[in-house]
Amino acid sequence: MSEQINIFDRLKRIGKNTVRIDRDQLFGISLLSPPILIFFLITVIPLSIGIGLSFYGGLGLLALNFTGAENYQALINDGAFWQSLISGITFAVYAVVIQMVLGVAIALVINEKFRFSNIVRTIVLVPYLIPTVAVAIIWEWLLNNNYGVINFILSETIGTTVNFFSVSTAIHTLSWVASWKFTIFVVLLVLARLQSIDSSLYEMAEVNGANFYQRFIDVTLPNLRTTLAIVLLLRSIWMFNKFDIIYLLTQGGPFDATLTQTVLAYNRAFIDLQFGSGAAITTVMFTGILITSIIYFGVFSPEEEVSTRE
Amino acid sequence: MSEQDENRLFGSVLTVHQVVLYVLAALVSVIFAFPVYWLILSSLKEPSAIRSWPPMLFTLDLTLENFRLLITDTNFPRWFRNSVIITSGNILLTISLSTAAGYALTRYEIPQKKNLARMLLLTYMFPPILLGIPYFVVFDFIGLQNTLLGIILAHASLSLPFGTWIMWQFFQTVPISWEESSWVCGASRLRSMIEIALPGAFPGIVAVAIFTFSVSWNDFTLAFMLTTEPSVRVLTVGIRDFMTGGRVLWGDLTAAGTLLILPPMLLVFFLNKYILEGFSMGGFDR
Numbered sequence: 006m007s008e009q010i011n012i013f014d015r016l017k018r019i020g021k022n023t024v025r026i027d028r029d030q031l032f033g034i035s036l037l038s039p040p041i042l043i044f045f046l047i048t049v050i051p052l053s054i055g056i057g058l059s060f061y062g063g064l065g066l067l068a069l070n071f072t073g074a075e076n077y078q079a080l081i082n083d084g085a086f087w088q089s090l091i092s093g094i095t096f097a098v099y100a101v102v103i104q105m106v107l108g109v110a111i112a113l114v115i116n117e118k119f120r121f122s123n124i125v126r127t128i129v130l131v132p133y134l135i136p137t138v139a140v141a142i143i144w145e146w147l148l149n150n151n152y153g154v155i156n157f158i159l160s161e162t163i164g165t166t167v168n169f170f171s172v173s174t175a176i177h178t179l180s181w182v183a184s185w186k187f188t189i190f191v192v193l194l195v196l197a198r199l200q201s202i203d204s205s206l207y208e209m210a211e212v213n214g215a216n217f218y219q220r221f222i223d224v225t226l227p228n229l230r231t232t233l234a235i236v237l238l239l240r241s242i243w244m245f246n247k248f249d250i251i252y253l254l255t256q257g258g259p260f261d262a263t264l265t266q267t268v269l270a271y272n273r274a275f276i277d278l279q280f281g282s283g284a285a286i287t288t289v290m291f292t293g294i295l296i297t298s299i300i301y302f303g304v305f306s307p308e309e310e311v312s313t314r315e
Numbered sequence: 340m341s342e343q344d345e346n347r348l349f350g351s352v353l354t355v356h357q358v359v360l361y362v363l364a365a366l367v368s369v370i371f372a373f374p375v376y377w378l379i380l381s382s383l384k385e386p387s388a389i390r391s392w393p394p395m396l397f398t399l400d401l402t403l404e405n406f407r408l409l410i411t412d413t414n415f416p417r418w419f420r421n422s423v424i425i426t427s428g429n430i431l432l433t434i435s436l437s438t439a440a441g442y443a444l445t446r447y448e449i450p451q452k453k454n455l456a457r458m459l460l461l462t463y464m465f466p467p468i469l470l471g472i473p474y475f476v477v478f479d480f481i482g483l484q485n486t487l488l489g490i491i492l493a494h495a496s497l498s499l500p501f502g503t504w505i506m507w508q509f510f511q512t513v514p515i516s517w518e519e520s521s522w523v524c525g526a527s528r529l530r531s532m533i534e535i536a537l538p539g540a541f542p543g544i545v546a547v548a549i550f551t552f553s554v555s556w557n558d559f560t561l562a563f564m565l566t567t568e569p570s571v572r573v574l575t576v577g578i579r580d581f582m583t584g585g586r587v588l589w590g591d592l593t594a595a596g597t598l599l600i601l602p603p604m605l606l607v608f609f610l611n612k613y614i615l616e617g618f619s620m621g622g623f624d625r
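Protein sequence lines, in the order shown, are assigned to chains A and B. Our numbering puts the first residue of the first sequence at 6, with every later residue one more than the last. Our numbering puts the first residue of the second sequence at 340, with every later residue one more than the last.
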């Protein structure tokens, strides 16, 4: 990459007044500075402020005062916080299992060539791109107790209706509705990997008498391993930190049955006006994201998809 | 499966494998399409027929009455306008910044590239709620609370890092030698970037546009936290007015929901290719 110019070196030399910066480097600097500056302003600084805020107590924004680690000490002794973590993990594990299993299954089906396969591929994309708010409207409408289509079908076929938003059913409803939208994420990434598997491997397996199931175990699955691991990791972190679909469908209820740590953080900050306490919960979430990302970078080196030679 | 096998669908020979395949494909299609169909159909029914029991799963007795009421009797037009402004604003901001950053990161030597790449990917994992609380506090101090600009900046915090990542990858696919040969002919760096690198990375720009669109158009969390005044309410937040306060206005709700999903649906049908291309970089919604 000899055509690249080391901006950093040149900048140092400019400081020493030895070399005049040429127009090309100036161009590079002026291209990169605004995005970097804005990235720091809108992402890095708010994140740091959020962490800093977790060390402040007081009600509302005007009464904020530094209280050290008090918010964290309070969280450790807070039953509601631990319960919310359990709810968050339950929702995440439940929804991610659905998405992974159905995602692989659907990818295997639409990977086959058949008539209308293009139409099916377009149809499965739709739920993924429509807003979560629309997903919430659609399913509240379908699952409504009094005039929902699903309950109509249930009463016609098995003669009973189900309250999909009760203490015992709400977590199931949330996990399945979230999966209706996000399974496609798994489908598309698995599909891309499936299409890059060398087809001669399948031919060889077929010649050796492997049936459909054996070909899946011996050829497909080993080739999917890395993709599945990455998808599992990303989907887990995103589902664990989900707020919108839960808040829109249940607001954490009924009776806190689906009160995950994201909804708790929102309630603490925006309902109880304890911004420090809310920020402490999101800082715990950030720590989780950081640990996950260390695994992500350590095991998969996703940053190598771009050339990072300096 | 060969061409011949495919043509047998409506012929006489159907293997067990094919039957299973078609049944599964049909099942998948129904599960993903029916809920959306039901929303759209409901929005087109007479306001009085919308909650009819038993539900009419199909009818040709359609009307735009729900949409007329939505546009004349509610704040929907304002919410829609706000959503359009925020989404367009963020697309402009993210495309221009991420294209500039992507080009510079590909073509120039910059220290700490690897850590920067990791930082972009780390930010991609951030849930909106992580920045929502600090944004609320900061915006309160600097007066960006209840402004469209504030929401645009908040959305850009989600779209700019990953947009930059996409552009970085796409500029790498444009060989430097193409630009070099234009320099030999006397073209400036700016000119070779605009006339050679940008067209080469065009699919990336479309992918970033779609990604940014979905961040802003779909966002509920940030807009919900950062606005309290009705005048700056966006579509995703405003729609909740129809669901709260005791009774649900299903006519308004389904009509607004239909208009909310219309733009992304159009994207799916017209830009399918770009969506799949951008997807290989890691998806759109989280």
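Source of the hints: derived by calculation from the structure; they are not laboratory data. Source: prediction; values computed, not measured. We put the beta carbon where it would ideally sit given N, CA and C, even for glycine. Some hints could be false.
Unchecked claim - Some chain B residues near chain A, calculated using beta-carbon distances under 8 Å: (1) 368; (2) 374; (3) 511; (4) 545; (5) 605; (6) 606; (7) 610; (8) 612; (9) 613.
Claimed, not checked - Computed list of chain B residues with no C-beta within reach of chain A, every gap over 12 Å: (10) 401; (11) 402; (12) 403; (13) 527.
A quick look at each hint next to the structure:
| no. | hint | verdict |
| --- | --- | --- |
| 1 | 368 | holds, 5 Å |
| 2 | 374 | holds, 5 Å |
| 3 | 511 | holds, 6 Å |
| 4 | 545 | violated, 14 Å |
| 5 | 605 | violated, 10 Å |
| 6 | 606 | holds, 6 Å |
| 7 | 610 | violated, 10 Å |
| 8 | 612 | violated, 11 Å |
| 9 | 613 | violated, 12 Å |
| 10 | 401 | holds, 17 Å |
| 11 | 402 | holds, 18 Å |
| 12 | 403 | holds, 19 Å |
| 13 | 527 | violated, 8 Å |
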